[in-house]
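Novice: Here's the letter readout for the chains.
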Amino acid sequence: MSYAGTMDIYLQQLPQQLVNGLTLGGVYALIAIGYTMVYGILGMLNFAHGEIYMIGGFTGWWVLHLLTRNNEVIMNAVLVISLMIIIAMAFSGLVGMLTERVAYRPLRNAPRINLLLSALGVSIFLQNLVLNYQGAKVRSFHISSLIPESLRVIQIGPAVFSFMRVLVIVVTFLLMALLALMIKKTKVGKAMRATAQDIEAATFMGIDVDRIVVLVFLIGSALGGAAGTLVGLLFTQVDYYVGFQAGLKGFTAAVLGGIGNIYGAMLGGILLGVAESLAVTFLPSAYKDVVAFVILITVLIARPWGLMGEKIPEKV
Amino acid sequence: MKKAFLTVFSILAVLCFAGIGHSADVKKGIHVGDAGAFTGDAAAPCMEIFNSAQIAVDEWNAKGGIQGVKIEHIMGDDAMDPAQGMNVAHKFVADELMYGVIGPPMSHVAQATLKIYGDADLATITTAASKPELTEQGYKHFFRVNARNDAHGWNCALFMKKQLNAKRVAVLNEKVAYCENMATQTIAGLKKLGITDIMQETIVGGAKDYSAVLTKVKAFKPDVLFFIATTAPDQAIGVRQAKELGIDAIFFGTEGARDKKDFIQASEGAAEGAYVYHFGPDIYAIPAAAGYVKKYESTYGVLSGFGPPAYEAMNILLTAIDQAASDGDISRKEVVEKLHQIKNYEGILGFPVTFDEKGDLLGSATYFFKVVGNDFQQVAVMTGK
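Taken in order, these protein sequences are the chains called A and B. Count along the first sequence starting at 1, add 894, and that's the number in this note's numbering. Count along the second sequence starting at 1, add 146, and that's the number in this note's numbering.
Wrong hints could be hidden among the right ones.
Stated by the list, open to error - Result set (DSBU-like, lysine-lysine): computed pairs, CA atoms no more than 35 angstroms apart in a straight line:
| hint | chain 1 | residue 1 | chain 2 | residue 2 |
| --- | --- | --- | --- | --- |
| 1 | B | Lys367 | B | Lys286 |
| 2 | A | Lys1031 | B | Lys261 |
| 3 | B | Lys479 | B | Lys286 |
| 4 | A | Lys1031 | B | Lys531 |
| 5 | B | Lys516 | A | Lys1031 |
| 6 | B | Lys337 | A | Lys1031 |
| 7 | A | Lys1031 | B | Lys406 |
| 8 | B | Lys531 | B | Lys308 |
| 9 | B | Lys479 | B | Lys406 |
| 10 | B | Lys237 | A | Lys1031 |
| 11 | A | Lys1031 | B | Lys321 |
| 12 | B | Lys321 | B | Lys261 |
| 13 | B | Lys441 | B | Lys337 |
| 14 | B | Lys531 | B | Lys337 |
| 15 | A | Lys1031 | B | Lys216 |
| 16 | B | Lys440 | A | Lys1031 |
It is worth saying that the hints were derived from the structure and are not from the lab.
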């Protein structure tokens, strides 16, 4: 094949790969936000966050399952999808708050390594809890009754959008915009920023730090839960093990963007998703994850604090 | 100090239990193991294997067991992980009353545990591990009732050429031993048949999103997409996302896809017209299998195809144990010898089972099915010609 022909094959894939990358990246970003918010305030890596995402996926599946009779949803599809996302967010948020109360708050003043281990324990606990009560079988989301046949796939120019992709991109960006707005404009957001800056000083300023921490877990976990359900709708499957891979990618995205920085997590997620999709275009697909981590390492060598993270002087 | 003691002690314990070729009184009990991924993505087919083997054990026990001793069937879960598979193997080997094992069904786990079972002369009969090298390493204890990848690979290449008229083929394989091997063997076969427009790419099992690599496949414009993945859920995602992206190539899936619930139903229509191959024939068309099918389906639901070979394998294993125990005592070595002597065993698979000296099946067939509505229709059988 001629050089031009080869180039042509690459070029015709690009629009579609951007769509693929953007959807995947949006999901990574939602997961990364949960990591980064907790790290920003407590300085801990919440390894259990991937499981919160998985629990969100299961919750969404159950809502859909309970609202489906004979392969048909029993109410308006828009309502079903909204309910799936909202209930998944609520339940994941609740589980996130519970883990904070039970496993992290008692260790608030302990060395960071204890918190890390506790998080690892929570992760294993949650994964096995779901395995015990839900089994190892992969659950399939039966989404065909949610979208009419004619809307399932939308062709725009050279790229194909499935309805679910559009939905995921829209909901993801909506949630991220809401979060950004809340942090920037509201009083609670201000308190969160203050706590992230200096937890002790925030206490002196009369901020109820415990409440802020709970809120951070609630919001971060709710977003993780939303991501779980969105991925379920998009890729149509969830099982007890999906949290591991997702957590790893979300964590990578958070570090890439600068852990502790919410906009960094958004940027990192989208960058990671797009990079992975583009990598597959130009290289054998086996290099997909290699490329993702080469980017991470390169960024960390050049900017150890991540793309948008702040350079914090070492406290002595 | 304490640690060193523990290490030495556990090594000694393993050595003791490993027992070098001792024979024992049958009356002490007879255990048979079942190693497989009973949790995780492959839990469904593996539970089908276990339950089918259990039916065989129950039938033997109902007839009075072996020499009046009831057979105990023990599960060893490896979760598709070679390391856990090795733990299972050590556990089975350490069980003095264990005389044979069904499994492991995954090639990479079978590979990791080959030496452990081999060193203990503990017979294993796999019902699905098809990597050719497994029987090329000189071990005497390893048997299989399924055909090897090289047989399947060549048969699949033949099928694509003769039945699907393939001229341009995209091969996507998961990065595990069985799938990589299947891809290599099939591509070699395709080239031998003169099909050289081939693209090969890999996927990571359980990743749930293959749209990036499928976009690449679309640009290649193949007329057949051979999707080699272990589990039905992954195949369902493959066929669904291929359709979504508007790939009009024929979707051709592997053994794992022959699962009505996790492939056909899970893909919600996208699998219509797709093809899959399987090492087992259409079990419903074999009269000798009717009793087993009825027993299985009345308790566990619809069969996918992994069960029948397991029922057959357990029956063959118990036949060998029965022969080895006929003089009142039994050793693992004897069981292995008896398995090698099995000739033209007429069971439920529709073909007589004989093992060659490597433990492979003599004369291997591959069966091809098409998805029509909510079912698989057998469309062809290939036997290397």
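Novice: It remains to establish, for every hint, whether it holds in the given structure.
Specialist: Here is what the structure says about each hint:
For the given pair, Lys367/B sits about 46 angstroms from Lys286/B by alpha-carbon distance, which is inconsistent with the 35 angstroms threshold. Taking the CA atoms of Lys1031/A and Lys261/B, the gap is about 31 angstroms. The hint holds against a cut of 35 angstroms. Restraint check: the Cα-Cα separation between Lys479/B and Lys286/B comes to about 10 angstroms, which is no more than 35 angstroms; the hinted pair holds. The straight-line distance between the Cα atoms of Lys1031/A and Lys531/B is roughly 38 angstroms, outside the 35 angstroms bound, and the hint therefore fails.
Note on Lys516/B and Lys1031/A: the hinted pairing holds, with a Cα-Cα distance of about 25 angstroms set against a maximum of 35 angstroms. At most 35 angstroms may separate the alpha-carbon atoms for a hinted pair to count; Lys337/B and Lys1031/A exceed this at roughly 38 angstroms. For the suggested pair Lys1031/A and Lys406/B, the alpha carbons sit about 14 angstroms apart, so the restraint of at most 35 angstroms is met. Our distance criterion of 35 angstroms between C-alpha atoms is met by Lys531/B and Lys308/B, whose separation comes to about 11 angstroms.
Of the pairs offered as hints, the one joining Lys479/B and Lys406/B is violated, with about 40 angstroms between alpha carbons and a cut-off of 35 angstroms exceeded. Distance check on the hinted pair: Lys237/B and Lys1031/A sit about 25 angstroms apart at the alpha-carbon level, within 35 angstroms; holds. A distance of roughly 21 angstroms separates the Cα atoms of Lys1031/A and Lys321/B; the hinted pair therefore holds under the 35 angstroms criterion. Only pairs whose Cα atoms come within 35 angstroms are accepted, and Lys321/B paired with Lys261/B is accepted, the gap being roughly 23 angstroms.
Proposed proximity of Lys441/B and Lys337/B is contradicted: the alpha carbons are some 44 angstroms apart, above 35 angstroms. Among the hinted pairs, Lys531/B with Lys337/B is consistent with the structure: their alpha-carbon atoms are about 16 angstroms apart, no more than 35 angstroms. Our distance criterion of 35 angstroms between C-alpha atoms is met by Lys1031/A and Lys216/B, whose separation comes to about 32 angstroms. Pair hint Lys440/B plus Lys1031/A holds up; C-alpha atoms about 24 angstroms apart against a cutoff of 35 angstroms.
Hints 1, 4, 6, 9 and 13, counting from the list given before, are not met by this structure.
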